[in-house]
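Q: Using the sequences provided together with the hints, build the complete structure.
Protein chains in written order, with the working numbering: chain A, 290 to 609; chain B, 290 to 609.
Do not take every clue at face value.
One copy or any two copies: either way a pair holds, since identical chains are not told apart in the list.
Computed cross-link-like contacts, DSS-like style, restricted to lysine-lysine with a CA-CA straight-line distance of at most 30 Å [to be verified]:
| no. | residue 1 | residue 2 |
| --- | --- | --- |
| 1 | K606 | K515 |
| 2 | K377 | K598 |
| 3 | K605 | K515 |
| 4 | K591 | K515 |
| 5 | K605 | K571 |
| 6 | K605 | K292 |
| 7 | K310 | K292 |
| 8 | K606 | K406 |
| 9 | K382 | K292 |
| 10 | K554 | K332 |
| 11 | K510 | K605 |
| 12 | K515 | K598 |
| 13 | K510 | K606 |
| 14 | K377 | K399 |
No lab work stands behind these hints: they were computed from the structure.
Being a predicted model, the structure only gives us computed values, none of them experimental.
Okay, here's what each chain looks like letter by letter:
Number of protein chains: 2
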Amino acid sequence: MMKIMVIGPGRWGSFIAWYLKKIGHEVLLYGLNGTEDFENFKKSRTNGIITLQDDLELTDDITRAKECDVIHVSINAQGFRSVCEELKSIGIKDKIIVTNMKGIEISTGKRLSEVCKEIIDGSNKVAAWIGPGHPQEFYRNVPNCMVIDSEDEDVKELLIENYSSDLIRFYYGQDLIGNEIGAAYKNVIGIAAGMLDGMKISSLKGALMSRGCREVARFIKASGGKELSAYGLCHLGDYEATVFSQYSHNRMFGEMYAKSEKYDKLAEGYYTVKAIKIKADKMNLDLPINNAVYKVLYENSKCEEEIDKLFSRSLKKEFY
Amino acid sequence: MMKIMVIGPGRWGSFIAWYLKKIGHEVLLYGLNGTEDFENFKKSRTNGIITLQDDLELTDDITRAKECDVIHVSINAQGFRSVCEELKSIGIKDKIIVTNMKGIEISTGKRLSEVCKEIIDGSNKVAAWIGPGHPQEFYRNVPNCMVIDSEDEDVKELLIENYSSDLIRFYYGQDLIGNEIGAAYKNVIGIAAGMLDGMKISSLKGALMSRGCREVARFIKASGGKELSAYGLCHLGDYEATVFSQYSHNRMFGEMYAKSEKYDKLAEGYYTVKAIKIKADKMNLDLPINNAVYKVLYENSKCEEEIDKLFSRSLKKEFY
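A: As structure tokens, then:
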């Protein structure tokens, strides 16, 4: 049994806490007082998707991370730096920090593990937990496959040994760069998929998957990772949960955007598309799908125009 | 303008005929008298999905293939050999024969272009037209991307030049082996997807896509093709139309099979899974998803058991 803190009581963070508790670990779920999710859990122990176990402790005291073996973080990716700084300020040492998020930092173009390692004490290890699955489905006992990756083989081994169950079967990640980028980029493809749905041309999602994976593979390779990772659970394996799911925030955001309908809040991919755009421009890399989504979201291009442009690109070969 | 015969008035063949006519070619649609599809077209010019143009000629005379530049074949894959023999018997020469089918011959393990080349006169060229898209969607003017592949560069060039339109944008195939295998294997993954739907564990379709592409890539590579082709339009790009679509016969067949419901007719993948099983056994290749579907369809295994086995495989790495 490990003692674990999960930072972030959102849809995914609360699921992680519930899951780790369910398989026998001691779990603290950390949240900020006054935020909707956390207040709901304090009041009723449920967010409408899952109900937390009675002996899963809720805490607003970040220093209790020091009691734990592993600290999971599941917040918006652009806010991750400040959480790392908070963990540093309380003197976190010799812990495993696991990211349960998808994103790339806009201001630096860094992957989340890079952001974390830059800030926290070197005695800590960093890992990423990625892959498909909806809290809603796991909660009703539908299993799925996921990936844990880390630069440290022992950390991977330890986590997978302690976290595997009939509900989640973990693969050992072999490419942290590719897995983190693939996971983040998935949200951009999710927005693009939603736009196709919103324009009622959903059958183009097949081509989007194929061309999308290819684009992500090129970006991963140019970033120093392995291109095949785009076709793994971190990216392609997560398309069911994104490109085709009613549960996906990113897909729904894209759909509502294309229909010019109101949306409650921006999706994570809204930030990722910008981070990738800036990074790719510096690398002199042409990423047509990311560019198209960027132009629609940030430069007032029309969805229809950008799709037309994508579709009429004069490429002859599928793979380049 | 080219003169074209389409053999096979089924859902896909009739669409091909309609499309080629629509973009300005002269088209003959060949069918057998007495078959349901052909009689419907003769009576009403529609199959409920598309309505053929008035000047698109229906014929039951196979010898008229000799008037044409290109002959498309869209029938069940296991019947392709006999069509090739019929074309040979009428003395077909100097034509382009295009396969609009997905399958592998069970008795020989051969790809369709191999079957064709083995039989017809050497003056003929062979090409394959593959990729995603539903007749229903094309007919309401939703565009898509597809692939034409051939061992002959000039044939590819000629067909793509003459067949491209705003509705279908063609890529130049670069791996006939991979594209034909990928297209055929897609129907097996479609059946597997339907089984997951039937068992109400659809969220595993993400993992199915990722693991499925990987398995197909391995089979393509072992067969002498390029593994990346599995991730192209021929296979992954066709998942929208198969893994997630209500229109897919193969997915629907798998779903009804898993629910032990009646189905009207066997799906194409039912034959493909057997062809791949025989071929893979000879090659000493382990293809877990194809094996699982084979065991369910041919050896009375239960879907649940085979899924459990797939899920509990002790693989640690995603890519091997």
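Q: Determine for every hint whether it applies to the structure shown.
A: Hints and how they fare:
With identical chains, the CA atoms of K606 and K515 are at most 30 Å apart both within one copy (21 Å) and between copies (14 Å). Taking the shortest Cα distances, K377 and K598 never come within 30 Å of each other, neither inside one copy (47 Å) nor across copies (44 Å). For the identical chains of this complex, K605 and K515 are neighbours both inside a copy (24 Å) and across copies (17 Å), given an alpha-carbon limit of 30 Å. For the identical chains of this complex, K591 and K515 are neighbours neither inside a copy (34 Å) nor across copies (37 Å), given an alpha-carbon limit of 30 Å.
Only within a single protomer do K605 and K571 lie at most 30 Å apart by alpha-carbon distance; the minimum there is 26 Å, versus 36 Å between protomers. Proximity of K605 to K292 under the C-alpha cut-off of 30 Å is restricted to the inter-copy arrangement: shortest distance 25 Å between copies versus 54 Å within a copy. Taking the shortest Cα distances, K310 and K292 sit within 30 Å of each other inside one copy (10 Å), while across copies they are farther apart (68 Å). Taking the closest pair of Cα atoms, K606 and K406 come within 30 Å of each other only across two copies (25 Å); inside a single copy the shortest separation is 40 Å, beyond that limit.
For the homomeric pair K382 and K292, the shortest alpha-carbon distance inside one copy (15 Å) is at most 30 Å, but the shortest distance between copies (75 Å) is not. Taking the shortest alpha-carbon separations for K554 and K332, only the intra-copy value of 24 Å comes in at or below 30 Å, while the best inter-copy value is 55 Å. For the homomeric pair K510 and K605, the shortest alpha-carbon distances inside one copy (21 Å) and between copies (23 Å) are both at most 30 Å. In this assembly of identical chains, the alpha carbons of K515 and K598 lie at most 30 Å apart whether taken from the same copy (29 Å) or from different copies (29 Å).
Proximity of K510 to K606 under the C-alpha cut-off of 30 Å is found in both arrangements, the shortest distances being 19 Å within a copy and 19 Å between copies. Only within a single protomer do K377 and K399 lie at most 30 Å apart by alpha-carbon distance; the minimum there is 19 Å, versus 62 Å between protomers.
Checked against the numbered hints given earlier, the structure breaks hints 2 and 4 and satisfies all the rest.
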